[in-house]
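Undergrad: Spelled out from the first residue to the last, the chains are:
Number of protein chains: 2
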Amino acid sequence: MNGVESILTESLAGFAAAHADLVRLAHDPTFVARAGAPAKGKVALISGGGSGHEPLHAGFVGYGMLDAACPGQVFTSPTPDQMLAAAEAVDGGAGTLFIVKNYTGDVMNFEMAAEMFSGAQASVLTNDDVAVEDSTYTTGRRGVAGTVVVEKMVGAAAEGGADLAACKALGDRVNAATGSMGVALTSCTVPAAGGPTFQLGDDEMELGVGIHGEPGRKRVKLAAADAIAEEMIGAICHALAPRSGERVLLFVNGFGATPLMELYLMYHAAARLCAERGLSIARSLVGNYTTSLDMAGCSLTLTRLDDQLIELWDAPVHTPALRWGR
Amino acid sequence: MNGVESILTESLAGFAAAHADLVRLAHDPTFVARAGAPAKGKVALISGGGSGHEPLHAGFVGYGMLDAACPGQVFTSPTPDQMLAAAEAVDGGAGTLFIVKNYTGDVMNFEMAAEMFSGAQASVLTNDDVAVEDSTYTTGRRGVAGTVVVEKMVGAAAEGGADLAACKALGDRVNAATGSMGVALTSCTVPAAGGPTFQLGDDEMELGVGIHGEPGRKRVKLAAADAIAEEMIGAICHALAPRSGERVLLFVNGFGATPLMELYLMYHAAARLCAERGLSIARSLVGNYTTSLDMAGCSLTLTRLDDQLIELWDAPVHTPALRWGR
Chain Y
0 MNGVESILTE SLAGFAAAHA DLVRLAHDPT FVARAGAPAK GKVALISGGG
50 SGHEPLHAGF VGYGMLDAAC PGQVFTSPTP DQMLAAAEAV DGGAGTLFIV
100 KNYTGDVMNF EMAAEMFSGA QASVLTNDDV AVEDSTYTTG RRGVAGTVVV
150 EKMVGAAAEG GADLAACKAL GDRVNAATGS MGVALTSCTV PAAGGPTFQL
200 GDDEMELGVG IHGEPGRKRV KLAAADAIAE EMIGAICHAL APRSGERVLL
250 FVNGFGATPL MELYLMYHAA ARLCAERGLS IARSLVGNYT TSLDMAGCSL
300 TLTRLDDQLI ELWDAPVHTP ALRWGR
Chain A
0 MNGVESILTE SLAGFAAAHA DLVRLAHDPT FVARAGAPAK GKVALISGGG
50 SGHEPLHAGF VGYGMLDAAC PGQVFTSPTP DQMLAAAEAV DGGAGTLFIV
100 KNYTGDVMNF EMAAEMFSGA QASVLTNDDV AVEDSTYTTG RRGVAGTVVV
150 EKMVGAAAEG GADLAACKAL GDRVNAATGS MGVALTSCTV PAAGGPTFQL
200 GDDEMELGVG IHGEPGRKRV KLAAADAIAE EMIGAICHAL APRSGERVLL
250 FVNGFGATPL MELYLMYHAA ARLCAERGLS IARSLVGNYT TSLDMAGCSL
300 TLTRLDDQLI ELWDAPVHTP ALRWGR
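In order, the protein sequences belong to chains Y and A. Position one of the first sequence corresponds to residue 0 (numbering that gives the first Met the number 0), numbered consecutively onward. Position one of the second sequence corresponds to residue 0 (numbering that gives the first Met the number 0), numbered consecutively onward.
It should be emphasised that the hints constitute simulated quantities derived from the structure, not laboratory data. Be aware that a few hints might be false.
[Claimed, not checked] Ranges between beta-carbon positions, derived for each pair:
#1 A:VAL219 / Y:SER5: 28 to 36 Å
#2 Y:GLY200 / A:SER117: 53 to 61 Å
#3 A:ASP305 / Y:VAL219: 55 to 63 Å
#4 Y:GLY40 / A:VAL219: 33 to 41 Å
[What the hints assert, rightly or not] Below 25 Å or equal to it, Euclidean Cα-Cα: the simulated DMTMM-like pairs (lysine to aspartate or glutamate) are:
#5 A:LYS220 / Y:GLU114
#6 Y:LYS220 / A:GLU4
#7 Y:LYS220 / Y:GLU245
#8 A:LYS220 / A:GLU230
#9 Y:LYS217 / Y:GLU203
#10 Y:LYS217 / Y:GLU245
Computed from a prediction, not measured in an experiment: that's the story for all the values here. Note that beta-carbon positions come from the ideal geometry of N, C-alpha and C, so glycine has one too.
Turn these sequences into a full structure, and let the hints steer you where they fit.
TA: See below:
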């Protein structure tokens with residue numbers, strides 16, 4: 000980096016320049032909006048959260064997904080004035096849906112923004128992390144990589160003309176159908192701190208880790224990929240209770256420093272475990288989508304699918320980080 | 000992982016399962032082919048190389064890019080029988096173009112495969128790494144991330160009906176118009192070795208590093224992002240000698256363990272330096288496309304563009320790792 004003070008500003012400027020065909024960067028307060036926003040007559044989708052989880056959320060701004068994203072400082076909630084400015088900028092007259100990961104700071108600040116925003120609005124709170132109930136920055140379950148699935152599916156519905164109430168109901172439904180769990184092999188390093196967030200021995204891993212390095216279920220000795228996947232898929236299936244024969248989305252998410260070769264290895268292990276449980280993997284996603292800076296590790300996410308959700312998943316999306324179908 | 004012996008097999012199986020709509024995995028010998036191959040009447044594009052650089056090359060198999068990719072063991076050339084089997088499997092009757100990164104093992108094995116393959120054929124050797132002439136595994140310059148640009152543009156031309164001679168000439172032209180340079184902040188770790196490939200102090204970096212951790216131009220103290228970008232863009236522009244006002248593709252490639260936030264920071268720095276040299280950034284690509292396992296660091300690539308190359312870049316591509324336009 001060039002400096003702790005400038006890393007976020009410079010990175011966002013680079014992001015906006017590299018994707019100038021898709022997004023616009025607003026300053027004072029900072030938010031990323033879809034090029035051409037507001038989309039008249041469409042429900043506006045807004046998300047946000049601390050930086051350091053890229054491409055979440057700004058990488059998902061664009062056709063078929065978000066209308067705006069508010070990046071906070073690293074691992075720090077964006078401020079209500081960022082959310083309010085974003086909401087006002089992308090309001091297309093059909094209402095605004097805030098998609099909020101369940102972290103205390105995010106929840107509080109989005110609530111304050113919602114109070115200040117005069118337009119029609121609703122919120123979806125994501126809490127897909129099945130690892131722990133309550134955590135360092137959270138009451139209840141944490142919202143993690145499953146948020147990407149919520150944003151994709153609700154984004155498709157909004158693009159297709161769904162109204163605010165339908166988008167809100169769909170978001171809640173997708174969130175309830177989604178479970179995730181993570182594992183860390185190393186800590187991340189917050190730039191301003193300059194050292195690891197937590198200490199982990201070379202032969203240890205944190206099972207159920209949060210996306211800021213928050214403690215998970217247990218600190219254990221390194222295990223084989225199959226055994227790690229078994230713990231994670233087991234916990235997710237315990238929480239989601241999918242029926243045998245049910246179709247699922249299997250999403251393997253890298254935390255930032257895990258080679259793609261290892262993510263596909265985890266996909267292979269998880270897919271076998273899903274098959275053993277009689278689940279049918281109808282859709283897949285593998286890559287770095289909800290990261291924790293330079294943390295080595297990954298999360299697994301399952302979403303229980305039906306015809307409607309598959310159609311929404313397959314619908315065209317045109318964002319910096321997720322792109323298909325047109 | 001589950002074991003050193005099985006990591007590649009399991010990872011490839013996971014890759015093929017996750018992208019079953021796009022690719023097919025063949026065994027004994029191993030290669031990845033486009034679903035539906037051979038494409039009748041189209042020049043077949045085949046690449047390959049050691050594993051550990053994912054998504055290169057298998058991630059670029061699909062419509063508008065490669066017809067097949069041959070993954071070797073980690074950082075080890077694939078064997079001639081892999082290449083021969085791939086060539087025979089995807090031969091659409093219009094000739095076969097081998098796209099080969101300039102590493103001694105790859106060059107030798109692709110030459111042996113070419114001798115055994117009876118179909119019409121040609122080869123493009125990529126050598127975009129401007130950092131060093133000759134290196135640990137290479138005579139001449141190394142072929143690195145610029146190979147992605149060659150594969151994308153020649154893939155589009157082949158899809159559009161270009162014949163073998165035209166594809167070969169285009170590949171050579173894109174390669175000559177492309178320059179790259181990398182920097183490593185940490186070593187990678189080859190699974191079978193279990194420890195770092197090279198030693199690098201916490202306050203050091205390797206400027207001009209190769210994608211297997213081969214030595215670059217110099218080992219220096221950590222510097223600010225702007226200073227690193229200046230060294231790299233300076234070296235690339237020295238080699239490519241773009242004219243002021245010329246359009247370029249700016250490609251920031253992560254080596255596997257570098258947060259996206261830092262890649263966009265490097266994009267920002269590199270874009271400013273391009274502007275200072277009077278270059279017009281007409282197209283951009285930012286992400287992990289030619290990796291070195293878990294190496295922290297990145298490479299910068301510039302390709303001098305013209306109307307034809309922009310059209311080929313923009314053409315539809317539908318592969319696991321690069322996807323747009325349809």
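Undergrad: For which of the previously enumerated hints does the structure constitute a violation, in increasing order of number?
TA: 1, 4, 5, 7, 10
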